[in-house]
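J.: Below are the chains, spelled out letter by letter.
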Amino acid sequence: MPVKCSSSCGKNAILKRPKTGDALCKDCFFWAFETEVHNTIVSGHLFKKGDTVAVAASGGKDSTVLAYVLKVLNERHDYGLNLVLLSIDEGITGYRDDSLETVKQNRDDYQMPLKILSYEELFGWTMDAIVGQVGRKNNCTFCGVFRRQALDRGATLLGVNCVATGHNADDLAETVLMNILRGDIARLQRCTSIITASESEGSIPRVKPLKYTYEKEIVMYAYFKRLVYFSTECVFAPNAYRGHARAFLKDLEKIRPSVIMDIIHSGESLQVKDDVKLPVRTQCTRCGSVSSQELCKACVLLEGLNRGLPKLGIGKTSLANRAREQQDAQKTRIVNCDF
Amino acid sequence: MSQQQGLEITLEFGGGAELLFGNLKKHQVTLPACEGKWTIRSLLTWMKDNLLKERPELFIQGETVRPGILVLVNDADWELLGQLDYEIEAKDNILFISTLHGG
Amino acid sequence: MCSRNDEEDGSQSLMEGKTKLTWTEVCQKCSTEKPVIQILQIKHAYCRNCFLAHVNHKFRSTLGKSKMMKPSDVVLAAFSGSGKSNAMLHLLHAGLSEQSHKRFLFKVQVLYIDEGAILGTSLEDRTANLQAISGIIEQYGFKSYYTTLASIFEETGSKCFPLVKDSTLKIKENSEEELKNLFLNVKSLTAREDLLRQLRRKIFLQSAKELDCCKVFTANTSTDLAIHILTDVSLGRGSQMHHDVSFCDPRDASVKIIRPLLELSSKEVTYYSVFHELESIYIPSLCTKASSDSSIHNMSKQFVMELMENFPSTVSTVFRTGEKLGSTNTTNTCETEDNLCIICQMKLDVSVAACSSVQATDFSRLISSLGPAGFDNKTLSQLPDTSKGILSNQADSLLCSSSTSCCSDSDVQCGCHKDVQRLSFPDVEKLCCYGCRLIIHDMENTSSLPESILHKVRTRRSLENMRESIQDFLL
Chain U
58 MPVKCSSSCG
68 KNAILKRPKT
78 GDALCKDCFF
88 WAFETEVHNT
98 IVSGHLFKKG
108 DTVAVAASGG
118 KDSTVLAYVL
128 KVLNERHDYG
138 LNLVLLSIDE
148 GITGYRDDSL
158 ETVKQNRDDY
168 QMPLKILSYE
178 ELFGWTMDAI
188 VGQVGRKNNC
198 TFCGVFRRQA
208 LDRGATLLGV
218 NCVATGHNAD
228 DLAETVLMNI
238 LRGDIARLQR
248 CTSIITASES
258 EGSIPRVKPL
268 KYTYEKEIVM
278 YAYFKRLVYF
288 STECVFAPNA
298 YRGHARAFLK
308 DLEKIRPSVI
318 MDIIHSGESL
328 QVKDDVKLPV
338 RTQCTRCGSV
348 SSQELCKACV
358 LLEGLNRGLP
368 KLGIGKTSLA
378 NRAREQQDAQ
388 KTRIVNCDF
Chain X
4 MSQQQGLEIT
14 LEFGGGAELL
24 FGNLKKHQVT
34 LPACEGKWTI
44 RSLLTWMKDN
54 LLKERPELFI
64 QGETVRPGIL
74 VLVNDADWEL
84 LGQLDYEIEA
94 KDNILFISTL
104 HGG
Chain V
211 MCSRNDEEDG
221 SQSLMEGKTK
231 LTWTEVCQKC
241 STEKPVIQIL
251 QIKHAYCRNC
261 FLAHVNHKFR
271 STLGKSKMMK
281 PSDVVLAAFS
291 GSGKSNAMLH
301 LLHAGLSEQS
311 HKRFLFKVQV
321 LYIDEGAILG
331 TSLEDRTANL
341 QAISGIIEQY
351 GFKSYYTTLA
361 SIFEETGSKC
371 FPLVKDSTLK
381 IKENSEEELK
391 NLFLNVKSLT
401 AREDLLRQLR
411 RKIFLQSAKE
421 LDCCKVFTAN
431 TSTDLAIHIL
441 TDVSLGRGSQ
451 MHHDVSFCDP
461 RDASVKIIRP
471 LLELSSKEVT
481 YYSVFHELES
491 IYIPSLCTKA
501 SSDSSIHNMS
511 KQFVMELMEN
521 FPSTVSTVFR
531 TGEKLGSTNT
541 TNTCETEDNL
551 CIICQMKLDV
561 SVAACSSVQA
571 TDFSRLISSL
581 GPAGFDNKTL
591 SQLPDTSKGI
601 LSNQADSLLC
611 SSSTSCCSDS
621 DVQCGCHKDV
631 QRLSFPDVEK
641 LCCYGCRLII
651 HDMENTSSLP
661 ESILHKVRTR
671 RSLENMRESI
681 QDFLL
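Protein chains in written order, with my numbering: chain U, 58 to 396; chain X, 4 to 106; chain V, 211 to 685.
Careful, some of the hints might be misleading.
Claimed, not checked - Label-pair restraints from in silico Cβ distances:
(1) N53/X x D154/U: 53 to 63 Å
(2) K640/V x A243/U: 33 to 43 Å
(3) A243/U x Q238/V: 51 to 61 Å
(4) Q383/U x Q309/V: 53 to 63 Å
Hints in this document: simulated from the structure, not taken from any laboratory. Beta carbons are placed, not taken as given, at the ideal position from N, Cα and C, and that holds for glycine.
Can you build the whole structure from these sequences, using the hints too?
T.: Written as structure tokens, this is what we have:
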């Protein structure tokens, strides 16, 4: 027997919302989905009229849906925004080419300008080359750190006011769990904010309009709207630890679907105690980006790669520093021997 | 030529694990004679087939005990004795305690 | 592009994988005896005597450095029959029997809570359990008492009874029925377990006050607390997490709940009870023989224990994280009653801040029930002429409290005019914190809650009605 849409519009429901358990018909679902993102944007004061916003486009479902919905809402509610697509090419053969195709498709379908930046042009290394030197164990670290910087640099190059990323509610809940499991209290405090505050000069704020949207609903929206996206896992093995947290979250969701919002609420209510020391955030002396050390993570990793010391920046700093010192000592010896 | 006899050992359960073994905390068992030595690994398989009364997944996971169940051999931590590879000897006392239930 | 690692910066080094520990020939502390236990956190293998000394020392130093214990204190130690709580009694007894200045100066009484009613255990079995429990405590010579979970429904009279050798279980049929009703009313195991935990806490506080004790000791280990941390976060109880997992829970003004074993892992405490050959009796509870995916608590337990296999520092890392976290609610133990959740005494954390998950969830529920027709896109709120509203179906079913005598059938909407007596879901929900709201949502109706809780709701409601009527005159 067909179930009626719970908004009493009279039509038959075609899906059950994971978020609230309500049954909705297609049109009401689209409307609800879009209105909720609109609500997040308005209540979070994410944009100002006239802003230029770069949508971090990966070709995946989150960024495809984000770009589409932002465009729709921009027109419907007259946000007055300039939307552009920003994509990062990590240089992973096979994987990258397909997702870039999707992004180019987005550019054409949504009529938004697209800018592609590659790790190669920004840092001088592709992920393929990095994995060649580093192996598969810590490659995700490199990729994550570089991508972050790449987005920042790309945003500065384009002169945008902020970057919109497709982080959804599931991502956020997973991050809260991960930070608790790792004991990273500094991150824990920051991760639930919807706008990363621009703490220092030149750091462009990032916003997460899809923060309260369930991943399942994003997929449903894309499916029923026939939005095409690229959906393969990265060929280089994903972080094993995060995989555990993800599996745990999915298991919890089966028991109680609201758990994702509940975890986010917990994350929002947590705060570090006053007497606990947190790392101070300053600027990297080499490239100027935000860092808690003298040299930002990206610069440390790059130095490691360029010197053939792939462990620099991974694991215990003392070991890596010793290796670096040894190298330096060797160099001075050679120099001294030169006539 | 001595006949190969079965291996006589004592199995004890605590912390709630006994519920899965007929509510009996202490079991005197004789493991049947076999080729090679009895290890904890083979003991667990034998227990699953012969002693576990219900819900094997609450006691065994894969080839080892479920995480949260402690194993002591003659009052010593099995981690110091090689865990699953420990070779069982006659008159050994093997204790399985579950730490999974609240206090 | 992989979206998994945007926030990472190599802090993987915080998660050490399992290193293969070498089997040492001798105890690492005394270098003489053969080692019998591996303690992962300090990567040592100890012999029996050194290990027992280590546990005792940890226990004493935890109590000592808190500086909370005074010689005039009377402590109520919660005993459940498990090896862990017996270990706690044993440690307390050892500390009280010391000869010198090291002797504990406070007094100890023991409490056992009978929870058999919710499982339908027979009276004979419950009495047998009670007598077995009494037999164990007797060996220490502590004064002991028992109470039942159903006593939360009793309004007057004493609820704790002395526990001696041949005690029989005294129960009140009415309260037992009400308790069974309450738990039948709650649909999911997750909510039931959470509710049980909150009720247990209430009983500890209630019993401590009746017996004139200022502190309650519970036998939670660091492993238990790490699991609690994950469970609390998953249940939306992030703001109260630090009370649930720290050394002291200060929410009640007169009784503090203390966890003296929190620096020890479950493994250490269990080995302690094995080496001292402490008796234990396993009394089944809600989660006995439940599969790991039956509730959030069980899922968290499974997750933490499995993670320990590959990443042994998990428990201590999670636990340390919990220690450093407080809440954005500035928690003050002297909060006025009005601001506290009626079930768990936590400061209410559901103020609907703009752009929070609470607001987002409420909004989603609202628009799912209104649809585009009943909603104004400009103001982002309900259109004034629609008769629908949030929780409309729940608000309609006004439920009479079971203590009113005017309505014969408590499920039917009655036409009585005793407004004060009628309580709806929103009435109760308003006074609960986020986590307790999830329990309420899981219930068929709220009339089965204990009167002590419903009374508070009614009082607040009356006060609000009064306030509304004099609104214009308040300055």
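J.: Hint by hint, say whether it matches the structure.
T.: Hint by hint, here is what the structure shows:
1. N53/X x D154/U: 53 to 63 Å: holds (58 Å)
2. K640/V x A243/U: 33 to 43 Å: 35 Å Cβ-Cβ, so the 33 to 43 Å window holds.
3. A243/U x Q238/V: 51 to 61 Å: About 35 Å separates the Cβ atoms of A243/U and Q238/V, which means 51 to 61 Å is violated.
4. Q383/U x Q309/V: 53 to 63 Å: For Q309/V against Q383/U, whose Cβ atoms are near 58 Å apart, the range 53 to 63 Å holds.
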